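Chemist: Spelled out from the first residue to the last, the chains are:
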Amino acid sequence: TQLLEQSPQFLSIQEGENLTVYCNSSSVFSSLQWYRQEPGEGPVLLVTVVTGGEVKKLKRLTFQFGDARKDSSLHITAAQPGDTGLYLCAGGPPTESGGGADGLTFGKGTHLIIQP
Amino acid sequence: DTEVTQTPKHLVMGMTNKKSLKCEQHMGHRAMYWYKQKAKKPPELMFVYSYEKLSINESVPSRFSPECPNSSLLNLHLHALQPEDSALYLCASSQLFVGRLDVGGGNREAEAFFGQGTRLTVV
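Residue numbers (this note's numbering), protein chains in the order written: chain A, 1 to 116; chain B, 1 to 123.
By construction, these hints were calculated from the structure, which means they are not laboratory data.
Please read these numbers as outputs of a predicted model, since none were measured by experiment.
All residues carry an ideal CB built from backbone N, CA and C; glycine is no exception.
A couple of the hints might just be wrong.
Partner residues aside, some chain B positions facing chain A, computed with beta carbon under 8 Å [unchecked claim]:
1) PRO43
2) ASP85
3) ARG119
4) VAL123
Okay, chain A solo, but in the shape it has when bound (with noise of 0.2 Å):
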């Protein structure tokens, strides 16, 4: 069972539109980290949230946390090729004690396609 669902699992879209990915779980997290990450490189961190309804801004990204703190969007205003990539959405750890992994949960990420 996969502790972290992300949505959509592809998406490719043309420049300038808006979109958004969903992580959902069924477990409270104490924090949700969304990374991005290219071919061959490692994941880079884009922002963490840690407050039940909590929304960042990085610049045309819009991140949200959950009231519950059981998941996390990732809204992209005005879509770009240099938006590309794989969005990981993870979790370290769930609150349940006994439960869940280790270290960070990943979910299955969102392979994003912007098309010029």
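Given the structure of chain A, go ahead and fit chain B onto it with the hints provided.
Modeler: Then chain B, alone, in the frame of chain A:
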């Protein structure tokens, strides 16, 4: 400085070879991790070191042997690998390793910084 440095960037080795991957960070982080990532998949945790001691071994075969010589360095020794071990090997570090238990909720200590990875090909 939020850099995690991994060497080498690329490695090709035979199934009888012995090689080592190296990872270094100078952020004062006390937790360091090895992840394995296959193409189009998320990273999979292999090992966690906390305060230079092995905290987690995710049932990794003994042909992978981690070592943490000091708080800034993490090595992964490779011996008698199989072609299916070919993957991107990622090192990461975080301020602390928070483990399974709830630490009060809402913390940035699990925030991890990754190296660029070593692309390993076993032939």
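Chemist: Now tell me if each hint is right for this structure.
Modeler: Results for each hint:
Contact between PRO43(B) and chain A, as hinted, is supported at the beta carbon level, the nearest pair being about 6 Å apart and thus within 8 Å. Taking 8 Å as the C-beta contact cut-off toward chain A, the hint placing ASP85(B) at the interface is violated, the least distance being around 17 Å. A distance limit of 8 Å between C-beta atoms decides the matter here; for ARG119(B) the minimum to chain A is near 6 Å, and the interface restraint holds. At a threshold of 8 Å, the smallest CB-CB gap from VAL123(B) to chain A is about 18 Å, leaving the interface hint violated.
Of the numbered hints given earlier, the model fails hints 2, 4; all others are met.
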